[in-house]
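Trainee: Spelled out from the first residue to the last, the chains are:
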Amino acid sequence: MADIKAVLPGDVMDTGAAARDGAVLRLGPGLVQADERTSAAAAGVLHSDGDLWWVAGNRRRYVAAEGEPVVGVVVARHGEGYRVDIGSAHDALLPLLAFEGATKRNKPSLAIGTVVYGRVVVANSFMDPEIECYNSHTGKSEGYGELAGGFMFKCTLGLARRLIGSTAPVLAALGSELPFEIAIGVNGRVWVHAEGPEKTVLAANAIRNSEYLDAKQCRQMVKELLAR
Amino acid sequence: MTRPDRRDAGQIRALHCVLGQLSRADGSAQFAAGDSSVLCGVYGPVDVRVYDEKLDRAHIEVKLRPATGLPNTKDKWTESVIRSTFEREILCHLHPRTLVQINVQVRQDDGAVEAAAINAATLALVDAGIPLRTMVAAATCAVLPGGAIVVDPTLEEAAGAQSVHTFAFGGDTAGGPLHVDSRGDFAMDEYNACYDICATTAERVLAFMRSAVEGKIAKEALLVGAS
Amino acid sequence: MANTGPVTFAIEAFKRIHPVEFQRRFLSQETRHDGRAFGQFRETHVAKGTVSTAQGSSTVRIGDTTVVCGIKAEVSEPDVKTPDEGYLVTNVDLSPMCSARFRAGPPSESAQVASEHVFRLFNQNVVDLKELCIESGQAVWVLSADIVCLRHDGNILDAAIVALMAALEDLKLPQAKIESGVVSADKSTGRPLALRRRLFPATYTLVDDAYLVADADDAEEQLATASVLVVVDERGRVANVWKRGAGPISRQSISQCVDVATGRVPKMAEVLDAAGGQ
Chain A
1 MADIKAVLPG DVMDTGAAAR DGAVLRLGPG LVQADERTSA AAAGVLHSDG
51 DLWWVAGNRR RYVAAEGEPV VGVVVARHGE GYRVDIGSAH DALLPLLAFE
101 GATKRNKPSL AIGTVVYGRV VVANSFMDPE IECYNSHTGK SEGYGELAGG
151 FMFKCTLGLA RRLIGSTAPV LAALGSELPF EIAIGVNGRV WVHAEGPEKT
201 VLAANAIRNS EYLDAKQCRQ MVKELLAR
Chain B
1 MTRPDRRDAG QIRALHCVLG QLSRADGSAQ FAAGDSSVLC GVYGPVDVRV
51 YDEKLDRAHI EVKLRPATGL PNTKDKWTES VIRSTFEREI LCHLHPRTLV
101 QINVQVRQDD GAVEAAAINA ATLALVDAGI PLRTMVAAAT CAVLPGGAIV
151 VDPTLEEAAG AQSVHTFAFG GDTAGGPLHV DSRGDFAMDE YNACYDICAT
201 TAERVLAFMR SAVEGKIAKE ALLVGAS
Chain C
1 MANTGPVTFA IEAFKRIHPV EFQRRFLSQE TRHDGRAFGQ FRETHVAKGT
51 VSTAQGSSTV RIGDTTVVCG IKAEVSEPDV KTPDEGYLVT NVDLSPMCSA
101 RFRAGPPSES AQVASEHVFR LFNQNVVDLK ELCIESGQAV WVLSADIVCL
151 RHDGNILDAA IVALMAALED LKLPQAKIES GVVSADKSTG RPLALRRRLF
201 PATYTLVDDA YLVADADDAE EQLATASVLV VVDERGRVAN VWKRGAGPIS
251 RQSISQCVDV ATGRVPKMAE VLDAAGGQ
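Residue numbers (full-length UniProt numbering), protein chains in the order written: chain A, 1 to 228; chain B, 1 to 227; chain C, 1 to 278.
Isolated chain A (complex conformation):
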């Protein structure tokens, strides 16, 4: 990563040759266009992939985006669905039938406080987000649904993205020591489940501690936690 390009809000972006060719640029998160100029709106590292440009920065508050996996907590039940707290400005709607194999007669009944793993299907700033716990194309759950047992904790969105992109060394370090289940929401909520509360808390702590550690430090940290 020799070409780390940190940008701050207001920095006018030099899109280089791409813009001069008159090619279409696609602006991702953290970039805005005003008066023929493209400038950064958030602080972070400027990335580009072909004609797609975005700014990757670490945040704590989730803003829902379509297709992203999230971990949420059921906070209310309505006639047509559940309201799920996914950490964004507005609670997400989870329709009663958005589960694998759910029919009008036979659908899961979730208590308030249940942790669910879902995928954002509707996300725009003018509507409340909507999530579902299955893939509506295949009808399969694909791992989404109620998360029973285990423990949910919050972390930064940056750490959650690293965990889910499997670039986080902590998961490898942890996985070689003890078996556990994990559900990572890019909304900065992670659910872990291991054998017994002790191991579950250990896994959760290890992940939380790992934010600013490299691979070697992660292995060391996990070892120390296990030795306690």
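A couple of the hints might just be wrong.
Unchecked claim - Okay, derived cross-link-like pairs now, PhoX-like style, lysine-lysine, Cα gap no bigger than 25 Å in a straight line:
hint : chain 1 : residue 1 : chain 2 : residue 2
1    : B       : Lys63     : A       : Lys5
2    : C       : Lys172    : C       : Lys72
3    : A       : Lys154    : B       : Lys216
4    : B       : Lys216    : A       : Lys5
5    : B       : Lys219    : A       : Lys216
6    : C       : Lys130    : B       : Lys74
7    : C       : Lys72     : C       : Lys130
8    : C       : Lys130    : C       : Lys177
9    : A       : Lys154    : A       : Lys223
10   : C       : Lys81     : C       : Lys15
11   : A       : Lys104    : A       : Lys154
12   : B       : Lys74     : C       : Lys81
13   : C       : Lys187    : C       : Lys172
14   : A       : Lys216    : B       : Lys74
15   : A       : Lys154    : A       : Lys199
16   : A       : Lys154    : A       : Lys216
17   : B       : Lys74     : B       : Lys63
18   : B       : Lys219    : A       : Lys154
19   : C       : Lys15     : B       : Lys74
20   : C       : Lys177    : C       : Lys187
21   : C       : Lys177    : C       : Lys15
22   : A       : Lys107    : A       : Lys140
23   : B       : Lys54     : C       : Lys72
24   : C       : Lys187    : C       : Lys130
It is worth saying that the hints were derived from the structure and are not from the lab.
Once you've looked at the hints, dock chains B and C against the given chain A.
Mentor: Okay, now just chains B and C, sitting in the frame of chain A:
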């Protein structure tokens, strides 16, 4: 000319800032210039009260707590200044029907605390990842009874000054001031001189804030690269 | 003239439905909806001594904006830190009486901000708190200035500043004596309070990000994106430049506002002088 704290007239106090100090806020920053220190925590975009909900943009709320005692009208005045300074710099239209809450806690007031609050708010907003049009920086200077202009006055200097001038600028100081508050007994020559000094100072503050934020970004980016 | 009725109705409806577009039609033609030029202020009317129960009072009208200021002088103990200084307390009241936009209850933020700003302008700058001393460490005057808005049609801050200035000039402080710890005041004789300077405000408002207009009324203030308040004194010195709001007002524009405000001083001073008094 020497000042009570042995600074030159054009010398600001030592700047210090910490980003992301508060673990539960969405973004936070502490900004200190000498003994004036301000802590700012930002929440946003979060759910908004129905009364404040705006269909096309985010609502901005500023809460300021003084170093001692309960908030009074003086703090309301500062709140209104901070809000009006950031109203346009925050890209409110990107998060309609939400609230961006800026909480400012004055830790210690030794002059130029409004400028410090604005600077802390900028850093906290950046830390929270709230979309901004540009970075905002503020600076204060005072005209002393002899006509000498001192930058970044302490409480003692400001109390004895003929006039005190606070300016806030966006990333480009040539684009005109975002906020101006000049008060006291002054001539326009003095106002213009203070304007120039504050514009230069704001640029320096901006450079300081930039290096602080870049440091944090680099720290995180290196980790991604290493793993 | 049979068709004037519907036309008038259409304009009223247009004004209500598209307030921004309504104002823009005027502003783009270099004029304003009430016929004023951009730099033209509404006429200021000042009457002093309008509240007989107050020690100093005034009524100020700027266009349709009307405020009444009454100053009540009371005796109190001084602060230990400043034993020979009195107090000035300002309160700007924007009640539902003056505009439908204000709610009953505790003072709104705009009222609190106006109170605070007026206080900062007058405390020590105009009113020398040492003048309010009756007996050092024993008794001082507290001047409670209540500025009540009766009708709100924009530019409340200018009106409040003019009103407080006029009321202070109208103020008669009773002769007070202190005898064996008891303060007695003779209300029949009064001395005027020596003021340090005379303040003259002028507000410019940026409407729709493009037009800088003087002394905006309520309809224009609704579309304001920024405003700059300039307060100058009779010697041509500036007391305050306060720009609020996010809209862009260039450095040059602010300087021009100060020039105009300074140029207006003789006329405004005449208005204050002609206001008479008790």
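Trainee: Next, verify each hint and record whether it holds.
Mentor: Do the hints match the structure? See the list:
Note on Lys63 (chain B) and Lys5 (chain A): the hinted pairing is violated, with a Cα-Cα distance of about 34 Å set against a maximum of 25 Å. Simply put, Lys172 (chain C) and Lys72 (chain C) have alpha-carbon atoms about 10 Å apart, close enough for the 25 Å limit, and the pair holds. For the given pair, Lys154 (chain A) sits about 21 Å from Lys216 (chain B) by alpha-carbon distance, which is consistent with the 25 Å threshold. Our distance criterion of 25 Å between C-alpha atoms is met by Lys216 (chain B) and Lys5 (chain A), whose separation comes to about 13 Å.
At roughly 17 Å between alpha-carbon atoms, Lys219 (chain B) and Lys216 (chain A) fall within 25 Å of each other, so this suggested pair holds. Annotation: proposed proximity of Lys130 (chain C) to Lys74 (chain B) holds, straight-line Cα distance about 22 Å (limit 25 Å). Pair hint Lys72 (chain C) plus Lys130 (chain C) holds up; C-alpha atoms about 18 Å apart against a cutoff of 25 Å. Pair hint Lys130 (chain C) plus Lys177 (chain C) holds up; C-alpha atoms about 16 Å apart against a cutoff of 25 Å.
Between Lys154 (chain A) and Lys223 (chain A) the alpha-carbon distance is near 23 Å, which keeps this suggested pair within the 25 Å criterion. Restraint check for Lys81 (chain C) and Lys15 (chain C): not satisfied, since their Cα atoms lie roughly 55 Å apart, outside the 25 Å limit. The straight-line distance between the Cα atoms of Lys104 (chain A) and Lys154 (chain A) is roughly 34 Å, outside the 25 Å bound, and the hint therefore fails. The hinted pair formed by Lys74 (chain B) and Lys81 (chain C) meets the criterion: a straight-line CA distance of about 20 Å does not exceed 25 Å.
Proposed proximity of Lys187 (chain C) and Lys172 (chain C) is supported: the alpha carbons are some 9 Å apart, at most 25 Å. Between the alpha carbons of Lys216 (chain A) and Lys74 (chain B) the distance comes to roughly 53 Å, so the proposed pair goes past 25 Å and is violated. A C-alpha spacing of about 18 Å is found between Lys154 (chain A) and Lys199 (chain A), which places the hinted pair at or below 25 Å, so the restraint holds. The suggested pairing of Lys154 (chain A) with Lys216 (chain A) holds, with an alpha-carbon distance near 24 Å, which does not exceed 25 Å.
For a cut-off of 25 Å, the pair hint linking Lys74 (chain B) to Lys63 (chain B) stands: about 12 Å separates their Cα positions. Our distance criterion of 25 Å between C-alpha atoms is met by Lys219 (chain B) and Lys154 (chain A), whose separation comes to about 21 Å. In summary, the hint linking Lys15 (chain C) to Lys74 (chain B) is not supported, as the alpha carbons are separated by about 37 Å, beyond the 25 Å threshold. Straight-line distance between C-alpha atoms of Lys177 (chain C) and Lys187 (chain C) comes to about 12 Å, which keeps the hinted pair within the 25 Å bound.
For the suggested pair Lys177 (chain C) and Lys15 (chain C), the alpha carbons sit about 60 Å apart, so the restraint of at most 25 Å is broken. Restraint check for Lys107 (chain A) and Lys140 (chain A): the C-alpha separation of about 14 Å stays at or below 25 Å, so the hint holds. Taken as a hint, the Lys54 (chain B) and Lys72 (chain C) pair is broken in the structure, with Cα atoms around 42 Å apart against an allowance of 25 Å. Between the alpha carbons of Lys187 (chain C) and Lys130 (chain C) the distance comes to roughly 21 Å, so the proposed pair stays at or under 25 Å and holds.
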